[in-house]
Every structure is written in structure tokens, then in C-alpha cells.
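**Q** Just need the whole structure built from these sequences, with the hints factored in.
Number of protein chains: 2
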Amino acid sequence: MGQDALSGNGLPAEFGFIARIFRPLAGDGALDLRDDAAVFMPPAGRELVIAADAMVEGVHFLSDDPSDTVGRKLLRCNLSDLAAMDATPLGYLMTVSMPPARDEAWFAGFASGLVRDQEQFGITLLGGDTTSTSGPLVLSLTVLGHVAPGRALRRSTARVDDGIWVTGTIGDGAMGLLARRGQVPDPDGFLAGRYQLPRPRLGLDLGDVASAGMDVSDGLLQDLGHMARESGVGIVIHADQVPLSPAVRALGPQWLSTCLSGGDDYELLLAVPPMNEAGLQAHAARAGVAVTRIGQVVAGNDVQVCDAAGHVMAFARRGWSHVREAGG
Amino acid sequence: MGQDALSGNGLPAEFGFIARIFRPLAGDGALDLRDDAAVFMPPAGRELVIAADAMVEGVHFLSDDPSDTVGRKLLRCNLSDLAAMDATPLGYLMTVSMPPARDEAWFAGFASGLVRDQEQFGITLLGGDTTSTSGPLVLSLTVLGHVAPGRALRRSTARVDDGIWVTGTIGDGAMGLLARRGQVPDPDGFLAGRYQLPRPRLGLDLGDVASAGMDVSDGLLQDLGHMARESGVGIVIHADQVPLSPAVRALGPQWLSTCLSGGDDYELLLAVPPMNEAGLQAHAARAGVAVTRIGQVVAGNDVQVCDAAGHVMAFARRGWSHVREAGG
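Protein chains in written order, with full-length UniProt numbering: chain A, 1 to 328; chain B, 1 to 328.
Keep in mind that the hints were calculated from the coordinates and are not lab data. Predicted model only: the values in this text are computed from it and were never measured. Some clues are possibly wrong.
Negatives, chain A to chain B, calculated, CB over 10 Å [claimed, not checked]: (1) ALA84; (2) GLU119; (3) THR124; (4) VAL138; (5) ARG159; (6) GLY182; (7) GLU230; (8) PRO246; (9) MET313.
One side only, chain B facing chain A, incomplete, derived with CB under 10 Å [unchecked claim]: (10) VAL49; (11) ILE50; (12) ALA51; (13) LEU62; (14) ASN78; (15) LEU82; (16) VAL96; (17) THR131; (18) LEU144; (19) MET214; (20) SER217; (21) LEU221; (22) GLU230.
Positions of the beta carbon are idealized from the N, C-alpha and C atoms, including for glycine.
**A** Given below as C-alpha cells:
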């Protein structure tokens, strides 16, 4: 550690390999990954936003996922964290702990995917490290972005009467994992694609329309709980208003609970004051992103999900069941 | 991923554990590790310096190393990268991929060590992530610092006639690993301590005295090779001038090659113009750090090590042997 910004600790014979695979990803500030660290001048007058996430083979991605999707998934999950705070990406650092079974061809595919995403999102690699490991492949990524001072969206500032909105569709990631495991059909690969390649909802310019925001990664219901708890409010959502993709709808209503509680959505969850709803829709239309109102913030401290008939649905440990309200 | 800045992906039941262990490490900008990312205003008029490193159990630290040293070792290795560029630390992010065998008591010790180092180095945790893994413990850390614009030290700017200097003593880390394995005596634990807890050489204020710098982490000879290659120069050092600790000297001269080629020193390697040598020594004295001149930069493109008689020593694959120069 401490040598080249992307050096090969535990992999001395692989020095050339590291250079071939990772150096082409490096940006200007990375000093060609030859120095101990990257140096850059932050954008004047902007706050910096920084987040780190790790992914482990077999936990967050599958061993046989296409190599060009694996690094991009982690990058996109981190970019989703920036999107959740209304930040603009600057660059990223990555560490890779490699099991011996992954060969150079695999990592060439891995890097080619990152190159495509670097172009798409306008960022470069600022530094990192590679190590060997006897265990599964572990990736760790730190992403840097910037935001207007005091304008970063937070999850703790939802207010009573705000509408609760989500971007895109919910449940594709969770169903995509089941599709990858062969547990549900996925004829055109749409669901697997959503599991493997999240779409960070950058560029929505939410700072002046949303009162709170976060990304949906642990599952919609758990994340609603985070927002409610951190904001000191209650949230009511309507299950039939949660946007589902045609692919999920085609699988049938029995998967609703999986979609609401499964993870890997990487959509945005927003609290938006009623007076800003038109503004949100205008911003979303400009960015080409669908937004859907699924409920609202109420006084209280819990999350309730109502069915189409207005009945509260109760979450059982592994799914949902209808609960008849008193007198209902 | 993407939820709490230090969320428990793959560890849903451990949410409270994560909060107990890691939240006390969080600084102001980290938003209490409750949001998607940390937000902070960078120091005005300063360049940012950023580096990432990973450590794997069994590769970079031993399974039975004291838990309070494991996180600190990685933090200090990263801080050494900042020291190498003459940067001042700002904060860090960390991801932890945990095998099931490590229990909460182990991580409580892990965090207590980090708390001590945060105080010592004046930094806090800005964010991170925890995941489960079926493999060995993997840590990844990103450190942020700042430096005066254009003043970051680089390894590629050594010039002919510069003196080559190192801080502290060389070889303690490599011998400390052997001591931990029972291969050499270490009666007072000094060597093991140097292996487990590097001392990042921060605060030397080198920008106005050194023409190039890097930290010694891959082994002195390999790192001299990096500096020579990146700078387009040759380097000659004198083996008998390389500073060794009393503990290493007590083990006998047969360990010299291990000390020169082993890793884990985390001392600084500096190229200093002759006119700045007094300045370097004054800065070092003020910081309480020993500095030693071990050689100089010459025209050429390789690294030569001379013995006390002035003969060039040749590096064999696993050690050193004396080579009689032509006519010597």
C-alpha cells in the first residue's frame, strides 16, 4: 500500500497487469496512478459530497455476472448516493481485492465496463489499490461529487403534508436477482439488466423542489422507515400507486411484497411539498425520468402501506398480508 | 449500499451493532453516518489530496494481530500517502467486509484503536459501508487531505545531484513480520509494534525543501526503483548508511537484504537538493523525526547499492550478494 495509487500489493508479479488494466481509467488528477495519491483543485464555492460502498462476490453480485457489469454496478450504486443528495459527480477511487481465479481477461472486461460508464457520467478514476485475497472478489469504491453549499438533500428533513415520490420503477432489482437465479422468467433480460446495472438518477436538479431525499437501496419499505425515523414523521403509501415495470407486472401480483421489500432499486425516494409538485415533474421531464407520487408524509412515527381499498397492509417477516381494520 | 453512510449491507440484523461501533467515529460532515454521503466545504484555496488502500487478513495483517491495531494500520498507511505528498489530513472513509467469525467484541477493539488515532491525527470518519463476506476480513480506506496549490510532492521530480534521504529506520516492518511469525527474537515487542502500527511522517513541511518524495511501502529498493524510473534518473545508495534500529542491528548483518527489500516501512523517501539539506534537517528536528542521507541521484536509469568498501552489491532474487567490480 502507499505506493502507486493503484499498486499491486500482494501481487508483485502483476504490476504490468495492473498498469494495463487500470491506468487507462485514470484522469488528470490521478497523476497517471503513479504517485501516492491524486491531487485536484475542488470546484470553487461548492461543497464536496463523498460516499463509499463495498460489494462482495456472492453477496452483492453473482460470480457469473458479466465482468463488464460488476464494477459498473458498484460505481452506479455510489453515483446513486450522489444523486440522492442532488450532487454532481467529480470522480472515484476503487480498491479491488482479487481471488486468484479471476484472470486478466476477466479484469479487461471489468475495466471496459468502467470506461463506458466513465464516459456516460463524465468522471474518471482518481486512484485506488489492488490486493490479492483467498476469499471472494471484494470491491470498494469511494465517489466524490459537489453541490451548492447548504443544498445537499438529506433524508431527515421530510415534513408533514409533503408528497412521497419515487423515480422510475420499484422492484426490478429484486426480481432481477430472482430471474438470475432462474426463479422467475425474464424473457428479454430486462430484469437481470436492472439487477446488474442500476441507473443512478443524476441531473434531476432537486435542490429547489424536494424537502428530503435518499436513494432506495435497502428496499422501499425499509428506506421509507429510514426517512420517517430520521425526519420524525409518519409516511403512508398506497401499494397500488407504486410504479412497477411491465416486466414485473407480467409476473403477477404475488410478487408485490418482494418488490416493496427487496433491495437493489437505486431509484430516488423524495419528499416534495405540494406546491413544488409541478416543479418536480418539470425537472423530471427535462431529465427524461419518470416520477410517481406514491403517498404522503403524515404526523406520527411509522410507515403504513394501504391497498387499493384503503386497508392497511401488514408486513409479515417474509411478505405481506392484508389486515382487516377494525370495523373494516 | 447507498443507505446509511455506514450501513450494514448483507448484515440487516447488525444495524444496531454498526451504529454502536462506527457512529462514535463520525465527524460533523458525516451527518452522523445517517445519510447517503458526507458533505463538507473543502479548505479555501487548497488542493485536495486523496488516496485509497485496501488490506486483507492474512496478506497485510495477521489474523491474530490485536484488533485495536488492524484498522489503525490501514489508516496510518493511508496517512503515510498524504505525508509523502506533504499534505495535511482532513478525514477518511472506510468499508469493512466482515467474516462471520469476527464478533462485536473484536470490532469494539477495532474501533477503539481508530478513536485513538483519530485524536492523534486530528481526523474523523466521514462515511463508509459494512458488508458480510465468506472470505477473510477485507478493509478499504480512502483518506482525504489538502495541500498548497502546486506544492504536492511527487516521485517523478528527483534531479541529478539531489541527496537521497529517508526518515526513521528501515526494515523494522519486515523484521516485525518475521518476529510475529517467531522467526526472529523480539524481546520487547518493538519490531512487532513497528509492523502493526506504522508511524506516518506527517507535519514535516517538506514542500520547500524536497524536490521529490514518496513513502517506502513496497521495500526501499523497489521504491528507489520507482523514484528513479518515474524521474528518469539513476540513484546510488550506500547500504551502510541506511538507518537501522537498535533492534534490527541486534539481529545481525545477515538481515540487511531483508531490511532493504522488505516492505511495510512507511517511512519517507526524499530527494533533496544539497542547498536544502540544512533546511530539511531543521524541519525534521522541529517535528522530532530523524532523517538520514543514504545516497544521491545520478545520471542514468538504475539503482545501485554500494557496500562500505564502495563495491556495488547485486540483488539476487531472494537476497543480496557482493559482486566484485571489474578490477575491484
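**Q** All hints are to be evaluated individually against the structure, with a verdict given for each.
**A** Tested hints:
1. ALA84: Per Cβ check, A/ALA84 is inside 10 Å of chain B; nearest 4 Å; violated.
2. GLU119: holds, 22 Å
3. THR124: holds, 13 Å
4. VAL138: violated, 4 Å
5. ARG159: holds, 17 Å
6. GLY182: For A/GLY182, whose nearest Cβ neighbour in chain B is about 22 Å away, the distance exceeds 10 Å, so it holds.
7. GLU230: violated, 6 Å
8. PRO246: Fine: 25 Å to the nearest Cβ keeps A/PRO246 off the interface.
9. MET313: holds, 21 Å
10. VAL49: Given a least distance of 5 Å, the restraint on B/VAL49 holds.
11. ILE50: holds, 5 Å
12. ALA51: This hint holds: B/ALA51 lies near chain A, its Cβ roughly 4 Å from the closest one there, short of 10 Å.
13. LEU62: Violated - the Cβ of B/LEU62 stays beyond 10 Å from chain A, reaching only about 14 Å at its closest.
14. ASN78: holds, 8 Å
15. LEU82: Because about 7 Å separates B/LEU82 from the closest Cβ in chain A, which is inside the 10 Å limit, the hint holds.
16. VAL96: It holds, given that the least Cβ distance between B/VAL96 and chain A is near 8 Å, below 10 Å.
17. THR131: It holds, given that the least Cβ distance between B/THR131 and chain A is near 5 Å, below 10 Å.
18. LEU144: Status holds, d = 7 Å.
19. MET214: holds, 6 Å
20. SER217: Holds - the Cβ of B/SER217 comes within 10 Å of chain A, reaching about 4 Å at its closest.
21. LEU221: violated, 12 Å
22. GLU230: This interface hint holds because 6 Å falls under the 10 Å limit.
Hints 1, 4, 7, 13, 21 from the list above are not met by this structure, while the remaining hints are.
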